[in-house]
Every structure is written in structure tokens, then in C-alpha cells.
Amino acid sequence: MLLVLEQCLNGLQFGLLLFLLAAGLTLVFGIMDLVNLAHGSLYMVGAYFAATFTAWTGSFVAGAVLALGAALIVGMAVEVIAMRRLYGRDHLDQVLGTFGLILFFNELVRIVWGPAGLSLPLPAWLSAWIEILPGLDYPTYRIAIIVTALAVALLLYLLVMRTRLGMLIRAGASNREMTGALGVNISLLYTLVFGLGAALAALAGLMQAPIQTVQIGMGENILFLAFVVIIIGGIGSIRGAFIAAIMVGLIDTLGRAFLPDLMGLIMSSRGASQVAPALSSMLIYVLMMIVLVVRPAGLFPVSIK
Amino acid sequence: MTEWFTLRNIVVVGLLIVLALVPVYVSIGGNTFLMTLFTRIVILAMAATSLNLILGYGGMVSFGHAVYLGVGGYAIGILAHEGVASGFLQWPIAIGASALLALVVGALSLRTRGLYFIMITFAFAQLVYYFGVGLERYGADDGLTIYRRSQFAGVLDLSNRAVFYYLCLLLLVGTIYLVWRLVNSRFGLVIQGSRSNDRRMQAIGFPTFRYRLTGFVIAGAICGLAGALLANHTEFISPATMHWTRSGDLIVMVVLGGMASSFGPLIGAVTLLVLEELLPAIIRLLAFPFLDPPMAVKISEYWPIVLGPLFLLVVLFARGGMNGLLEGARRD
Chain F
1 MLLVLEQCLN GLQFGLLLFL LAAGLTLVFG IMDLVNLAHG SLYMVGAYFA ATFTAWTGSF
61 VAGAVLALGA ALIVGMAVEV IAMRRLYGRD HLDQVLGTFG LILFFNELVR IVWGPAGLSL
121 PLPAWLSAWI EILPGLDYPT YRIAIIVTAL AVALLLYLLV MRTRLGMLIR AGASNREMTG
181 ALGVNISLLY TLVFGLGAAL AALAGLMQAP IQTVQIGMGE NILFLAFVVI IIGGIGSIRG
241 AFIAAIMVGL IDTLGRAFLP DLMGLIMSSR GASQVAPALS SMLIYVLMMI VLVVRPAGLF
301 PVSIK
Chain W
1 MTEWFTLRNI VVVGLLIVLA LVPVYVSIGG NTFLMTLFTR IVILAMAATS LNLILGYGGM
61 VSFGHAVYLG VGGYAIGILA HEGVASGFLQ WPIAIGASAL LALVVGALSL RTRGLYFIMI
121 TFAFAQLVYY FGVGLERYGA DDGLTIYRRS QFAGVLDLSN RAVFYYLCLL LLVGTIYLVW
181 RLVNSRFGLV IQGSRSNDRR MQAIGFPTFR YRLTGFVIAG AICGLAGALL ANHTEFISPA
241 TMHWTRSGDL IVMVVLGGMA SSFGPLIGAV TLLVLEELLP AIIRLLAFPF LDPPMAVKIS
301 EYWPIVLGPL FLLVVLFARG GMNGLLEGAR RD
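Keeping their order, the protein sequence lines are chains F and W.
Each residue of the first sequence is one higher than the one before, counting from 1 in our numbering.
Each residue of the second sequence is one higher than the one before, counting from 1 in our numbering.
It is worth saying that the hints were derived from the structure and are not from the lab.
C-beta: ideal position from N, C-alpha, C; glycine also.
Mixed in with the good hints there might be a few duds.
Label-pair distances were calculated between CB atoms; the ranges are [to be verified]: (1) F:L188 to W:L313: 23 to 29 Å; (2) F:P121 to W:L21: 58 to 64 Å; (3) F:M178 to W:L103: 44 to 50 Å; (4) W:I204 to F:V147: 54 to 60 Å; (5) W:T245 to F:S174: 34 to 40 Å.
Looking at chain F on its own, in the form it has when it is part of the complex:
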């Protein structure tokens, strides 16, 4: 029972990370109507920045803050140089163009940091375990991820729904021309939104970095999970992305943890150990297909502008 609880917490933590990535993706798609495959590259760049800056400053927190700032700048630069020219284009053009950017970023990282991966060591105060329930020890760092991601989700909600900037963002999403005609600098607004999405992706990347290795291509597999999340949630809906991210995180984690044993009940353990990993990788795609067959525009469809 404790094991199930522990895996649920892991699933929640993974889901929240996915949400950070998916939030930027769904903001950029919902507001600028841009399919950005290179979003995963910003996730990767965030992790590399964090590893480098942490090594420089000797402090994990300082490294993380610097990395977020750097990712924000990189994101805004990418928007000004490339992305802005892709708004209003066919989605396929955007897919090809941003696919080109993935190749570019992967090679750039290979040139700057070399082909071998980096590791991002945790400070002592984060690598401890604490007893959250009698008999259940849980890593401090994973709790820190959950708390940080929840706080960021709340801040994002407040930013979009309760501030003047958020109001402008929503106005720009629903009618670009009219907002521009009222004297709002739309292109600056879009640059800011893109930078914000980049920083969220980088935050997800740098928080995942101490758990996995920092390596080239780390953004691509998780990017597809983020796409699955925004599809299930309904494109453009942050609330949908939040709920779908936690669903996907839980199902993926629990599937990987318990499917081998469940399969072992109905077939030989050797067969189960062969089939279960493939089957658990399938689970979230099955979930997405069921959602799409029943509700072709996701769980929380955003009304057409």
C-alpha cells in the first residue's frame, strides 16, 4: 500500500513537470497559433545552462535562477529571429521549420558542451530523505519539485487571470488586430509570452536534470508526452493541460511500476517482463486515442475564436 502511495507521488511529480512543459506549449499554440517542436530544445538548453551555472557558482539555487534568466533570453531571441516569421503560416511549415531548429540546437549543444552528457549534483540539503508517513521515506528533492511546480502553476493562473499583462495576453489571443488597434504592442507581447514559455520549459528541464542525465535529445521524447497532454486537455486550455498532465504522469508512472506484476498474474513471469515495458509505453497513447475518439477536441475544448 505504501508502495502504491509512493508511486502515486512519483506520478504526481512527473505529471507536474509535464505540466510546466505543456503550459508553455499550449500558451504558444493557443495565443500565437504556432506548433513549436523546438519547445523540447528549450527544455534541454535549460538543463545544460543549470548544470553549467551550478558548476560556476557552486550553488544549485543560484545556478537555477541564472539558467532561467538565460533561457528567457534565448527564448525571446529565438522568437525575434525565427518564430515570428512563422506566425500565420501553415502548421506543416511550422513543423518543418521548428524541426530544423531542433537539429540546429542539438548540434549547437554538441559543439558547446561536447557529445558526452553532464550531471547536475544536488546540494546536501536537497538530497536527503524525509519520513512523510510512518514507514514511508520520500526524497526531499521530489517534494521540492512538487511544491515548486504547484507554486508556479498557481502563479501562472494568477498571472493570466488576475493581472493586466494576463488580460492583454488573453485579449491578444482572442482578437489580435483589435488589441493592436487599441495601442497594445502585440509583437512585444508575443515575444514576452514566448520567453515565458521558454522559461517554463527550462524550469522543467533543470528540475528533471538531477534525476536523469543532462544529454542531447533529452527534450524530444518528453516533448511528445507534452503534446499528448495538450491534446488530451484541449489545445490552448491551461486548466485542461494541468488535469491531463497529472493524468498522464500518474498513468505512465503507475503503468511502469505495476504492469509487470499485473501481467505476471495472467502469463509467465518471463513473458510478462518482455511484454510489460512495451505495453506500459503504449498506455498513454491508448488513453489519448480513447479521449480523441470520444471527444475529438480534447477534454476541455477552447471555443473557436
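Given chain F, put chain W in place with the hints provided.
Using the frame of chain F, we list chain W on its own:
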């Protein structure tokens, strides 16, 4: 349309002549790598042409088209593994299995639109990919070696590389012709009409879902045949054949070459695959005057950093891909 001596037509005819002469050149020069490369190009061009039917003309962006390459290939591999070597049996099964899968995928996916359609076809491709990974009897992740190419006793000897190459080329030209005939038929016009405005097509009485599904199945079946060719070419099949990056490559070929044009996918396939081989050499050549040789060689290993922005430039400045560039016309 009356003008025949356009730059585009000259390039296409030149390309076809070059493709036809590859085995002759190889038999003189003895460069078998060139033969392997071009067989691959021709087969993937055929897959890209089939994708163009639904993506370019039908507006159905399937992000899982490589799955039919895999299914066609696995049909050959599994039958060969089980002792059925006759191509007369293998190839129809490869085509039929791909068509059947396309029917199921299409029937469930075509209800959705836009990014949702892209992602649901992607999800089906991932399912089949992981199914391949789980096929323990047939090599799972490591794949399956095919010890004998398909046997067409008394008709064709596929172990002869030149014969096999010309068969692939013939099938490619046949595919391009078939797609051209299809899109200019009533059927093709309905599909293209549905790309522009599906609701209006339905309003004037066309059951567009059936038309689109038929197009989807035809594209899947052709790609399954390409998969059968690919498996015979590499004498090997593994889940990697249907990895999503391969589906992405096929989309790149179509968009790069020029969507909704007969020869665009061929031009795109040749450009992409030849560039991948040539870019390191080009970078080396350009860098030699400025850098010492080891450094120039090292730099040339980073060729994707040039390829990536090149895609972006094609998207930004060449609407209609290479085909549009060669026609010199801005379509839209």
C-alpha cells in the same frame, strides 16, 4: 500548362535520366555504395509519394506514415522467417496488411482535424512501434534478419542488385503515375475539394469521409509495398523502421520537395538523402582554405547545424518547396 521547357521539367527529366543510369555508372565504376544509396532513395521517394497523396492533396497530415513501411517490411520478414519465400504470396500480404491497418487507423482518426489528427496518427504509429518492440518471437527490439529476398521463380531474380533497382524505379514511376491519375480523377477532385472546404463538399452532397478514407487506405497500401521493397533491400526489419523520426523524414521529404505536386516528393527525397551524404564533404571543401585539415574534418561532423536552418529557409522563402522554387511561381 502548354509550356514544356520549364526549368522544373528539365530538372525532373534530368533526375529521371540520372536515376535510370545509376546501375550503368555503378557497373563501370564499381561503386556499390552509390547503388545502395540510390535504391534507398528510390524506395523512400515511393513512400513519400504515397504520403503526398493524403498530405499534399488531401490535407491529411499523417505523422505516422512510416508505420506502413514497417508493416510491409514485417510481413516480408515474418513470412520469410516462417518459411514462406514466394514473393507472389509475400507481396500481396504486405500490401493487404498495410491497407487493413490504414483502414482501421483512418476510420478512427479521420473524425479529428488539424493538430488532433497529427497527434492521433502519431499515437497509432507509437502503438504499432511498441507492438514491434514486444514481438519477442521476431527479434523484438533487435529486429529480424531476412536470409532470402522474396522469390519470384522464373520471373525476376531480386538478388541481382541491378534488377532489384530497376524494379524499384519502375514501381516508383508507376506510383507517381497512379497518384497523378488519381488526383486528376473525380475521386481526386473530391479529396482536394475536401481539403479546401470539407463542409461545403458535404453540403453539395459528397460523403467526403468515405473518399478521404479511401485515399488514406490507398496511401497506406502503396507505402506497405515500399516497405516490402525496403525489407528486401536491407534484408533486415526492425521496429526502428517505423520510429517516429522516419515518419518525420517522410513529411520533410514531401514539404521540402513540394506538397501537392507530382514529382515534389521525389525531388524532396533525393535532396534530403543526398544532402545528408554530401553536406560533410561540402563543409570540408569550404573550410579547407581557412583551417588546417583535422579541424576542417572535425567541423564537417557538425553538418546538421547547417541542415536545420536550411529547412527553416526553405519554409520561409520557398513556398511550395523545391518544386515551387523551380517553377519560379508563388503558389497559394
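- Check each numbered hint against the structure and report the violated ones by number, ascending. none
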